[in-house]
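Student: Below, each chain spelled out in residue letters.
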Amino acid sequence: MSTSLPTLLTFPNGRELTVPTGLFIDNKFVPSIEGATIQSINPVTEEVLAVVSSATAKDIDIAVASSRHAFRTVWGRNIPGVERGKLLNRLADLMERDTDPLGDLEALDNGKSAEVARAVDLPEAIACLRYYAGWSDKIFGQTIEVDDKGHKSASTRIEPLGVCAQIIPWNYTIMMLAWKIGPALAAGCTVILKPSELTPLPALKLAELVVEAGFPPGVFNCVPSFGDVGGAALTSHLDVDKVAFTGSTATGRKIMQAAALSNLKKVTLELGGKSPHIIFASANLKEGPRSCESCHWGVFLNQGQDCVAGTRLYVQAKVYDAFIEELLHSAKEWTAGYGDPFAEGALGGPLVSEVQRDKVAAYVDSARAEGASIVYGGERWQGKGWYYLPTIIGDVTPTMKVVKEEIFGPVLVVTKFETEEEVIALANDSTYGLGAGFHSNDANQCQRVLARLEAGTVWVNQYGQLYPQVPFGGYKQSGMGRELGTYALENYTQVKSVLWDYSGGSAQ
Amino acid sequence: MATRTFTYDFSNEVSGFRKKSSFPSGLFINGEFVDSVDGKTFELINPTTEKSLGHITVASEKDIDIAVEAAQKAFDTTWGLHASGQERGKLLIRLAELIEENIDELAALESLDSGKALAFAKSWDVQEAANVLRYYGGWADKVHGKTVEVDEATLAYTRHEPIGVVGQITPWNFPIWLLSWKLGPALATGNTVVFKPSEWTPLTALRIASLIKEAGFPPGVVNIVPGLGNVAGAAISSHMGIEKVAFTGSTAVGRALMKAAASSNLKRVTLELGGKSPTLILDDCNLDHAAGWAAFGILANQGQVCSAGTRVYVQDSIYDKFMEKFIAVIKRVKVGDPFHPETFQGPQVSKIQFDRIMNYIDKGKKEGATCLLGGQQHGTEGYFIQPTIFTDVKPEMTIVKEEIFGPVGVVAKFSNDEELIKLANDTVYGLAAAVFSENISRALKLANALKAGTVWVNSYNTIRTNVPFGGYKQSGQGRELGEYALENYTEVKAVHVNLSGSPPI
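So the protein lines, in turn, are chains S and R. Per UniProt numbering, the very first residue in the first sequence carries number 1; after that it's consecutive. Per UniProt numbering, the very first residue in the second sequence carries number 1; after that it's consecutive.
These are computed hints drawn from the structure, not numbers from a lab. There's no promise every hint is true.
[Stated by the list, open to error] Here are the computed lysine-lysine pairs in the DSS-like style, where the Cα-Cα straight-line distance is at most 27 Å:
hint, chain 1, residue 1, chain 2, residue 2
1, S, K496, S, K266
2, R, K142, S, K138
3, S, K149, R, K451
Note that this is a predicted model, so its numbers are computed, not measured.
Please model the complete structure; the sequences and the hints are all you need to start from.
Tutor: What follows is the structure in structure tokens.
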């Protein structure tokens, strides 16, 4: 039954919240023209949370037309940057006001801890929007000396790209939405955002705030849909100028193909990873518990459903035993909140879907079959919901599936190494290159290692910290292009060189 | 110590705020309003009525010492790099919001103090002040250094650090707007400030001090100390604890300040000084537009604009046509009570300025120029001067060479572009210039040839927050507004980390 009426959700903590269920186009919530729907399932109770409209190719056509019209009339160069910035700041203000209900909704739809959603996901999304709000009136071109004597000038105009499709995953709906719309709207593009069919609700709720903030209709459209329906329609649409995608490497490949085959639309991709996390003997291991903590946060946060999770741990032989002991000792903290993301102190949560949970289980089984040792966890949690225990696997070899492939779950593989040369080779032995982290107190070693790791982000003596000002993205098959920082603006602008001959028309 | 309060009841004004305004008027140091150490005060005069508005506290040298100490403490503990760019940006944006929330009161105070028309005070001065602070709020977390590739044995990078305690001295022509030009980039980059508004027009700065507190800036980050130029201003320019001073005002004072800066501790100096900017009316211009903009360029803000286009050069072939339209525009300008909604031009800011300008007008007449329009006081009460135009001027006349800073323009003819460029550039100043022509190629060539920090083509005084502004030659040094202002308030540190190189010996 297609609908665009809001639905009332009740949360485990007693909160009640209405959530719109239509496709958000031209600042209105409308049903799918063909009546298609999505069921959003609660990964803890395994029950249907809400039924929302799902965009089919015909709905995508309508959304694109709306975005194109807005770009031509009320957005793009029709509005000065300072006004675009004001609207983004206003949206950030509203998200700040509604941090608690939005965080709870992110937790309800995804299964993550509500406390973490409120304390991490929301503030990071808000900071990202504020950062890009500040850039909107600071996008500079160049004036370039070419031939002053001959009265010829050259300059560049940095123009918005146009209509941008943005496809985000289900692991950090609100944060990924902010990373995408921040630079795009600041630069003057209009956006069609497709949240995952697994977690459409926070994006639809945010759409209400987009209206309240005062964005003109068509500037931001939000169309939950299945990847192979709405996603495919967007990536092959002839009137979409750019697609930005965060998700799996497999889907990223399809998107790039579709973009090439249709209209060669610009593509940026944030894909998977199998990021190495290295503990050198030179690390300050009086800070041992701190490095252990960063390992845990690096892999178990968000149930390991993080593109840049530090899922391959390498520990230098000299400090191996002591480190592993501490690592195993504190792993149990990560089941806090199992069964109830709204519990006080909840850290861990379920995988987002049964399919994802079973995938994780299959990987762990493959490790057993290939002769690795499950030293912690390694099984489904015995309770309702798509939970899997935090898992640590030792005695692995570089060719094992659990070492090579992205699991996207709370699974850490651990390897002992002898020398720096050896571990750099092991770390770089991957088709991925999204992130890497290492702990060392030796300045020269730090400089050598960070220079040689093939990763878009290298963390030294920490793991996973992100700031809206610092660019993020992948080497190799982890993606192309950078998000965050000044670099994200390049994804949403194009350079027009203007060469002007003013030698004619002298007076007298 | 009791501190003063400024009170004014706007209920009887013709338009605008129409309520009572009352706020502390002591020195704002370390988050509190205090009396000056020696108890000295200064009397404010309403330039429209010539009547007293009461007294404000003015800072002595000792008060500047106290302010610097507070600013240094804040820099070392709660500001500088102890507050992240995001936090600094948020506070600046909050201050911008508070200014907008109080726009009517601030505009009324600005008009009362300076004599400028209320309509402009609200729609331009106060609104733009909020816009500027908001703009720099957005820069605060975007102050980048660079990593520089040298070789694999070296890690080299730059940090753009705040300087520390900076002194800022602003004039009386755009009190609140220039306050935002100064505070915006200084605070965004992490400096703490000792801010001296002109003692003639301190009201909006003092009202903003309360807003700064309300916004949540830690005590000592911004200190507002109205004072006399030769007391507080001199103390700031020669203070050993201030490492940078920014000044907007006359070239004469700018010189003295730079000397003091050099003699004391070689503090960094940026200056926005005077101008005698040329407006060029070419034979292929849109005459109606050119006439309107040229008049605006001379008369805006009672002519009290550093970038005013006070030398108008008109191509001889269109001279008569242009002058007809030009004079017609000027004759329509309404001079009168700043609070009247139709007023364009209010009184000059003070008796001293009034006398100075009338003196220049006198000189103009004595040196043989033709006073085509105006040349007298307007009315009998208040420091009003009639819009005044001199023609038949020669380059060596005083009124052509010196900055008058009043509603007085001089007009001369030219016949070709080469002659024009020489005339336009024949000045010790170089703040701005304007070219009026519908032939873009011709206009761009002229723009390239003019020695001026801002060149307007087919407009005048259209200053934008994100475009830099500043002077060539004796009009100043350094640029304000836009990204460029950030350089004035950062110090570059280069860090070289030697990873493996052995020493030479």
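Student: Taken at face value, is the distance from the CA of K138 (chain S) to the CA of K142 (chain R) at most 27 Å?
Tutor: holds (10 Å)
Student: Do the alpha carbons of K496 (chain S) and K266 (chain S) lie within 27 Å of each other, as the hint requires?
Tutor: Given pair K496 (chain S), K266 (chain S) holds - Cα atoms ~16 Å apart, limit 27 Å.
Student: Hint check: K149 (chain S) vs K451 (chain R), CA-CA at most 27 Å. Holds or violated?
Tutor: holds (17 Å)
Every hint from the earlier list agrees with this structure, and none is contradicted.
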